[in-house]
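Student: Both chains are given apart, each in its own frame, so use the hints to dock them into the complex.
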Amino acid sequence: MFPFNDTEPNRYSLLPYMTIAIVLLNAVITGFEYRFWRTDPSFLREVIYLYGANPYLVGAGMGGGALSSLTSTFLHGDIIHLLGNMLALWVFGRRVEDACGPWRFLVFYLTCGLFADVVSSIIYARTDIPSIGASGAIFGVMGAYLILFPQGRIRTFVPIFFIPTFPKIRAFWVVLYFLAVQIIPALNVLFKKEDYGVNYWAHLGGFVACFSIFLFLRPQAFQRYFSKMPI
Amino acid sequence: MLYSPPVATNSRLQQALLAARAGRRNQAYELFLAEAKADPKNLTAWLWLGELSESLDDKIIALENALELNPANPKARDRLSILYRERDETNQRRRQHLLAEAQAAMRAGRKQEAQHLLLQFVEAYEEDEAAWLMLSEVVDDVADQIVALENALTLNPRNARAKARLEKLRAMRHDSLALGDFYRERGRLAQAEAAYYVAAANSPTEAERRHASRELDSIRDLYDLSGFRFANPTLTLLRLTLGPPVLYGLMVFAQSGLNMLTLSPRLCLAGLGVVMGSLLVAGASAAPRHRLWTSLFGSRGLSHPLPRSVLGMLGVILIALPFALLLSLAFDRLLLYRDLFYRNLFPH
Numbered sequence: 085m086f087p088f089n090d091t092e093p094n095r096y097s098l099l100p101y102m103t104i105a106i107v108l109l110n111a112v113i114t115g116f117e118y119r120f121w122r123t124d125p126s127f128l129r130e131v132i133y134l135y136g137a138n139p140y141l142v143g144a145g146m147g148g149g150a151l152s153s154l155t156s157t158f159l160h161g162d163i164i165h166l167l168g169n170m171l172a173l174w175v176f177g178r179r180v181e182d183a184c185g186p187w188r189f190l191v192f193y194l195t196c197g198l199f200a201d202v203v204s205s206i207i208y209a210r211t212d213i214p215s216i217g218a219s220g221a222i223f224g225v226m227g228a229y230l231i232l233f234p235q236g237r238i239r240t241f242v243p244i245f246f247i248p249t250f251p252k253i254r255a256f257w258v259v260l261y262f263l264a265v266q267i268i269p270a271l272n273v274l275f276k277k278e279d280y281g282v283n284y285w286a287h288l289g290g291f292v293a294c295f296s297i298f299l300f301l302r303p304q305a306f307q308r309y310f311s312k313m314p315i
Numbered sequence: 012m013l014y015s016p017p018v019a020t021n022s023r024l025q026q027a028l029l030a031a032r033a034g035r036r037n038q039a040y041e042l043f044l045a046e047a048k049a050d051p052k053n054l055t056a057w058l059w060l061g062e063l064s065e066s067l068d069d070k071i072i073a074l075e076n077a078l079e080l081n082p083a084n085p086k087a088r089d090r091l092s093i094l095y096r097e098r099d100e101t102n103q104r105r106r107q108h109l110l111a112e113a114q115a116a117m118r119a120g121r122k123q124e125a126q127h128l129l130l131q132f133v134e135a136y137e138e139d140e141a142a143w144l145m146l147s148e149v150v151d152d153v154a155d156q157i158v159a160l161e162n163a164l165t166l167n168p169r170n171a172r173a174k175a176r177l178e179k180l181r182a183m184r185h186d187s188l189a190l191g192d193f194y195r196e197r198g199r200l201a202q203a204e205a206a207y208y209v210a211a212a213n214s215p216t217e218a219e220r221r222h223a224s225r226e227l228d229s230i231r232d233l234y235d236l237s238g239f240r241f242a243n244p245t246l247t248l249l250r251l252t253l254g255p256p257v258l259y260g261l262m263v264f265a266q267s268g269l270n271m272l273t274l275s276p277r278l279c280l281a282g283l284g285v286v287m288g289s290l291l292v293a294g295a296s297a298a299p300r301h302r303l304w305t306s307l308f309g310s311r312g313l314s315h316p317l318p319r320s321v322l323g324m325l326g327v328i329l330i331a332l333p334f335a336l337l338l339s340l341a342f343d344r345l346l347l348y349r350d351l352f353y354r355n356l357f358p359h
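From first to last, the protein sequence lines are chains L and W. Residue 85 is where the first sequence starts when you use this note's numbering, and the numbers rise one by one after that. Residue 12 is where the second sequence starts when you use this note's numbering, and the numbers rise one by one after that.
So here's chain W without its partners, still in its complex pose (with noise of 0.2 Å):
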């Protein structure tokens, strides 16, 4: 014990105490707690239950009481004083605890569970901006990420990069095609339905009307059906890019004899015109909202006629030319062919 507790006057005290120094704690406490019931301004009970208490909240609270009934107490202050120390300290540990795990959650995808941790620990961290920051991230609701980001940006306005993607998801909102693909890329199909229906009636122009009308068709297509997988939209951007320049470097293969040694460098440095090319195309036509587009584009992304057909056409151009480097360096290699065949120096 760290400081004496005050002798007791009456019997009910005294039995407390005989309990608490014959070990039997539990008595001891039901006794000092009863007595601490009828008489709230029993300094003594207050003082002996802060000691008792299992847990660290009660022993606090009743150091408390016996402080506000005797504040000059310096052995009950400093007991408090520990007390709180070792309160914050256990509440540090589990709130690291609790956002490890979140964490893990997160890396390992299990989005619901990490979803499920986080919004247990803003309730009970709500200054943890960090925390507010990852919930963003996980839950699929544009008006719940809404909701983390602000609260992050209270914590911390300077948050450049918080306050960017704040932006763009309150741009989103009003634009109800931006909403219906957000919601379609995540799988939440009734949501998406809801978004591209109000796109479907209100969109500006006419080619957005038309793309929310198809949308919604294919949405209620599958709407019943369960089990539909969505693929990553970056990994459907990657499959897309990968075509044509698997076609580009079958043909390099050929036209270096079938030997990688002899490849030749102004080809291969082509290729990577290709594969440029190949994801401005892949971008535009297949992925237009992708988060590589809303980052250079802003919230809309490549969903514009304007920056996709330009950039569409951009990437035709990157993928046409390397193609016609290829193609005019065969024909030339083809025209001396042609010579050395009219003049009989290759079997035919």
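Chain L extracted, bound-state conformation (with noise of 0.2 Å):
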């Protein structure tokens, strides 16, 4: 299943400026990384554990620390890494940026990155492979827009038995959908040591960080979510 449009018209603005401030920033970083990738393979590895947040180097105090929490959130290891990521944040970023404003929406999304680092630098304490990747903010976004817009209609390509399929499904089960395909290999990672080379757990500590929605939430979009209406 890939969600890849929100059907739902925007409320308080008309284009959300931060989100493709954001996608457009990924993409650079990661032109630059395949830029200098192409004269000098051993660049990438490099910029990876240099910017990336290496949750031993987290736990020590050593590294980057904060910065690297933060620059890990706009590197992305390969052209699809960053596809499905920024095509995630463009299909549920436009609507909660809507119901921010862009400034708050900017500041939401890093809490959510920062929020899935700082989990994952405490579940995986041991391991010095650090992690890179958008997708822990993203979870946020996701989650924020499961709160905010549960009844939303999200275009999703669900390719059945090879023939390529465009419903329209509820925001509440995308979303759900992808919060469960979370959870088992979470509990594997964490009770039987599995690695997947996915950072499950950042997954999970950004969605949970969604709940911090309230804090950025537009007063007019607060107000109409406390009385029950359509944001």
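Some hints here could point you the wrong way.
As the list claims (entries may be wrong) - Derived Cβ-Cβ restraints for the label pairs, each shown as a range:
#1 W:R197 / L:F88: 39 to 47 Å
#2 L:V265 / W:D228: 50 to 58 Å
#3 L:I247 / W:L347: 52 to 60 Å
#4 L:V112 / W:A335: 37 to 45 Å
Unchecked claim - One-sided and incomplete, this derived list gives chain L residues near chain W with beta-carbon spacing under 10 Å:
#5 E130
#6 Y133
#7 L141
#8 A150
#9 L151
#10 S153
#11 L154
#12 R188
#13 F199
#14 I244
#15 F245
#16 L299
#17 P303
#18 S311
#19 M313
Since the hints were derived computationally from the structure, they do not count as laboratory data. Backbone N, C-alpha and C define an ideal beta-carbon position, used for all residues, glycine too.
Tutor: Here is the structure:
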């Protein structure tokens, strides 16, 4: 299941400037990674080790600390990783940004990313493999979408026996699906020490951070939410 | 009995007297009342009515009438002064009870009930300054607030706080935009709509007219929807203030190796800057007419573009500086790690 568009309109603003800016920034950074990687194949590995969030170093109070936690949110391992994350950010971020305003949305996005990183640093405390990617922050945005627009409809690509279909699915089910597929691997990581190469705990951490959305909503959106009106 | 009323001469009086002495108070009362009505100058009837009447006020009226007929009656005068004292004490008790009830309703947030009790109170005791001040807090209408404060100030013209509030409200009455915001914060949509309507047409600056039009649109959007819940402006201010400090706190936590005991005091102190800056930005952007700003900058609060921009910018700077400090410390550490990384002292 691949969500690729939110079919509902914005209420407060015309364009999600900050979502677009974050997508562009991530794309530019990944572009730079590739640009230098082509001339120096060790470059990407160095970037990831220096600017990714290394749980062991974070816990030891070494390395980039807060800076690495921040920069890791803007790094991606490859184009597929970037595309998947940015598509999800576009689908779920547009209306969340509309409900917050661009600058508050940016702070919310970074808060989710940081919280995801803190959770993953605690769970993988003994690991010195750096983690990168915006997915922790994006899970926060998805969680916020679920809180604010559970009835929203998401246009989704679902291949059924190799036949592509594009149903509109309630946001509630889409987000629940993505949350559900994190839980079992996350428990395996915790109890069976399995390594999937995906930071499932950062995803869950980011999702938990979604509750901070109430600190960032526009006053009108906040009032509408508690008046049980469409935001 | 405190005194002996004079002996009656006519038959109705005789009957009334006999009934009074036999303990038939109601019958005696009716007979004395009939006698007083038939002969309003009958001193004996008034004196007995002063004794037999049920209510304190009726007793007082009867004895006042008796004293008018014979001002030299010392016992009646003494009795009357005792009744006056009793009436004052009862009034005082009623007054305190009513005021306490109104205060309790105010504290419990039952504004309508408090308003009702205070209106009752000021109707009976219009010389009570505290009641007028309380009333000015619970009535929603600006004009009503002004009247309540004017009455309080008539009673105590030296109350500086009431005077300042009155001036603010009077100024607001002529500023439709402020008036609209004032009513909107209190959920009085009809009055807010009327005020914004005037502001959209008459405000001096384009920005203010646009603001009024926007608010007008959003109010009309909500006007017919019952059950809309308005957030307390202080809650909004606090809510929006908390966001950047939460992010800063997470970053400091990551920087300190996820150990609260190794938190740098310098970074903790800088966190106060984030809180202050965040408060200024939230105030400038989302609650420009909050009480905090109106008490600092007059009735228009931060609604004027200049102080709003200045304080908003100051807030951004106050937020940015601690983040810059934190990131520079993190960057120094990153350079150190980079050095070790390239010297292969760390696994990669």
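Student: Grab the minimum C-beta distance from F199 of chain L to chain W and call the hint holds if it beats 10 Å, violated otherwise.
Tutor: Holds, because the Cβ-Cβ distance from F199 of chain L to chain W comes to roughly 6 Å (cut-off 10 Å).
Student: Any CB of chain W closer than 10 Å to the CB of L154 of chain L?
Tutor: holds, 7 Å
Student: Given a hint of 52 to 60 Å, does the C-beta separation of I247 of chain L and L347 of chain W actually sit inside it?
Tutor: holds, 56 Å
Student: Would you check whether R188 of chain L satisfies its interface hint, that is, whether its CB is within less than 10 Å of any CB in chain W?
Tutor: OK, holds: R188 of chain L within 10 Å of chain W, min 6 Å.
Student: Was the hint right that S153 of chain L lines chain W, CB cutoff 10 Å?
Tutor: Constraint on S153 of chain L satisfied, holds at 5 Å.
Student: Identify whether the interface hint at E130 of chain L stands, where standing means a beta carbon of chain W within less than 10 Å of its own.
Tutor: holds, 8 Å
Student: Does the CB of M313 of chain L sit less than 10 Å away from some CB of chain W?
Tutor: Holds - the Cβ of M313 of chain L comes within 10 Å of chain W, reaching about 7 Å at its closest.
Student: Using Cβ atoms only, decide whether L151 of chain L comes closer than 10 Å to chain W, and label the hint accordingly.
Tutor: holds, 4 Å
Student: Let's test the interface hint: is any C-beta of chain W closer than 10 Å to that of I244 of chain L?
Tutor: violated, 41 Å
Student: Using Cβ atoms only, decide whether A150 of chain L comes closer than 10 Å to chain W, and label the hint accordingly.
Tutor: For A150 of chain L, the interface hint holds, since the closest Cβ of chain W sits about 4 Å away, which is under 10 Å.
Student: Are F245 of chain L and chain W close enough, Cβ to Cβ, to be under 10 Å, as the hint says?
Tutor: Result: violated, 44 Å to nearest chain W Cβ.
Student: Regarding the hint that Y133 of chain L lies at the interface with chain W, is the smallest CB-CB distance below 10 Å?
Tutor: Result: holds, 5 Å to nearest chain W Cβ.
Checked against the numbered hints given earlier, this structure breaks hints 2, 4, 14 and 15; the rest are met.
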